[in-house]
Structure formats: C-alpha cells, structure tokens
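Undergrad: Knowing the structure of chain A, use the given hints to seat chain B on it.
As given, the protein sequences belong to chains A and B, one line each in that order. FYI, in the numbering used here the residues of the first sequence are 4 to 113. FYI, in the numbering used here the residues of the second sequence are 4 to 113.
Read the hints as simulated data drawn from the structure, not as lab findings. These figures come from a predicted structure and were not determined experimentally. You may find that some hints are simply not true.
Pairs count within a copy or across copies, as identical chains cannot be separated in the list.
Simulated pairs of lysine to aspartate or glutamate, DMTMM-like, Cα-Cα distance not exceeding 20 Å [stated by the list, open to error]: (1) K67 - E79; (2) K89 - E19; (3) K67 - D83; (4) K67 - D32; (5) K89 - D32; (6) K44 - D32; (7) K67 - E8; (8) K44 - D83; (9) K44 - E19; (10) K44 - D62; (11) K89 - D12; (12) K44 - D13; (13) K44 - E66; (14) K67 - D13; (15) K44 - D12; (16) K44 - E85; (17) K67 - D12; (18) K89 - E8; (19) K67 - E88; (20) K67 - D29; (21) K89 - D13; (22) K89 - E78; (23) K44 - E8; (24) K44 - E97.
There are 2 protein chains.
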Amino acid sequence: MAPNESVNDDVQATLEQLHGIRRSIDNIDAALVHLLAERFKFTQQVGTLKALHGLPPADPEREKQQIQRLRALAEESHLDPEFAEKWFNFVVAEVIHHHLAAAAATGQES
Amino acid sequence: MAPNESVNDDVQATLEQLHGIRRSIDNIDAALVHLLAERFKFTQQVGTLKALHGLPPADPEREKQQIQRLRALAEESHLDPEFAEKWFNFVVAEVIHHHLAAAAATGQES
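Same shape as in the complex, but just chain A (with noise of 0.2 Å):
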C-alpha cells in the first residue's frame, strides 16, 4: 500500500483529470442541445407542410433511408451504430409526436 499522501495526490490527480474530460462533455452537450433546437425547427416546418396537405406524419421509406445514412456516419466516426439507430428512433418518435398534434391542430386526419 501507498502511504495515505500519495494515494490523496493519485485521488487529486484523478478527480482534476475528471473534472477537465467533465467541461468537454458540458460543451459538447450544449452544442447538441442547439443542435436538437434547430433541427425541430425543421421537423416543425415538415410537420405543418404535412399537416396542410393531409400527409402521414410518418415516413418508412424516408426513415430507413436515414437510419442507414447515420449508421453508415456512426461507424465512420466509431460511434456504435447501433446506438445511433436507437438514438435515432428515439428522436423520430419525438418528430412524429409533434406531427400529430399539427396535424390535430389543423384538423386533418393523422
């Protein structure tokens, strides 16, 4: 065993290392925040263009030519692929939520 000092050095030394990894997360997290605020803005657009002209608020076709985009992305930049198709339809199943209520909101049928 290490005296009880440097085993409080390693602890500092660890816990300063976490803190720094720590403020990247923070910043890459604000940054996908606004990112997810702007896409919205577009899936709104898309929600009322639906809406209007008694389109489905959902797009098979259109969604898994995504997935296949953001895996093929995801594995570019070794990110599991498999987490982004969940990370996808978890985010496309927000999307489709919104249509409904503009298509609710504009009265046609969804």
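TA: Chain B only, in chain A's frame:
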C-alpha cells in the same frame, strides 16, 4: 376545386419545399452523430478513469446538475425542456452501460 394541373403544381411545390427542409435535417443529423461520437470518446475516458479508481459508474449529483443546465439551455434555444431531459437520460443510460462494461473489463466491481 382547382383543375388537376394546379393541384399537381401545388404537390410539386410542396415536395420541393419538403426536400429542401430534409436536406437541412440530414446536415444537422450528420453533425449530431459526429458530436455524439466525440461525446462517447470523452465518456469512455471517464469510464476508464472510474473503473481504474473503483468509482461508481453513475453519479446522481453530477447528472442532476447536467439536467438543470440542459433544461436551461433548451429553454433558451426554444427546445422543449422535457424532451431535452428525456433525451439526456437516454444518452446517459447508454453511457452507464458502457461504464459497467469498462468496470467489468478491468475486474472492478460496479
């Protein structure tokens, strides 16, 4: 009723508008995937550090602060804060899953 030709023109204009918006969504999604990949690189570093030092994979106090901050950022950028929180929890669940795997790989208890 408008004659068929102007209905077709209207459909054509709507589809063009839809494709334009979708190209923007695709650009944003590529940026989101790359940022998520970068986020996971950092959380993997956190996972390795935690596993090496026997720290628990989850950190409820840190997560609470992150959620508060992300909700505030979401409000500022007109993103639904409820969605931002659900989205964050979804990403963190994956991160903790990775941390548990890292702990198992280094033979530490979770």
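Undergrad: Between K44 and E85, at a C-alpha cutoff of 20 Å, which is it: within one copy, between copies, both, or neither?
TA: between (26 Å within a copy, 16 Å between copies)
Undergrad: Taking 20 Å as the upper bound on the Cα-Cα distance, should K67 and D29 be classified as within, between, both, or neither?
TA: Intra 31 Å, inter 13 Å, cutoff 20 Å: inter-copy only.
Undergrad: Given identical chains, is K44 near E8, meaning Cα to Cα at most 20 Å, within a copy, between copies, both, or neither?
TA: Neither: 54 Å inside a copy, 31 Å across copies.
Undergrad: How would you classify K44 and D62 at a CA-CA limit of 20 Å: within, between, both, or neither?
TA: within (18 Å within a copy, 33 Å between copies)
Undergrad: Reference check for the pair K44 and D13, CA-CA at most 20 Å: within, between, both, or neither?
TA: Neither: 47 Å inside a chain and 23 Å across chains, both beyond 20 Å.
Undergrad: If the cut is 20 Å between Cα atoms, do K44 and E97 qualify within a copy, between copies, both or neither?
TA: Result: close within a single copy only, 13 Å intra versus 26 Å inter.
Undergrad: Using 20 Å as the alpha-carbon threshold, which applies to K89 and D32: within, between, both, or neither?
TA: Both: 18 Å inside a chain and 14 Å across chains, each within 20 Å.
Undergrad: Indicate which option fits the pair K44, E66 if close means a Cα-Cα distance not exceeding 20 Å: within, between, both or neither.
TA: Answer is within; shortest intra-copy Cα gap is 18 Å, inter-copy 27 Å.
Undergrad: Within a copy, between copies, both or neither: which one fits K44 and D83 at a CA-CA cutoff of 20 Å?
TA: between (27 Å within a copy, 11 Å between copies)
Undergrad: For K44 vs E19, is the C-alpha pair at or below 20 Å within one copy, between two copies, both, or neither?
TA: between (38 Å within a copy, 18 Å between copies)
Undergrad: Indicate which option fits the pair K67, E79 if close means a Cα-Cα distance not exceeding 20 Å: within, between, both or neither.
TA: within (19 Å within a copy, 32 Å between copies)
Undergrad: With 20 Å as the alpha-carbon cut-off, assign the pair K89 and E78 to within, between, both or neither.
TA: Answer is within: at 14 Å inside a copy they meet the 20 Å cutoff, but 25 Å across does not.
Hints 2, 7, 11, 12, 14, 15, 17, 18, 21 and 23 from the earlier list are contradicted by this structure; the remaining hints agree with it.
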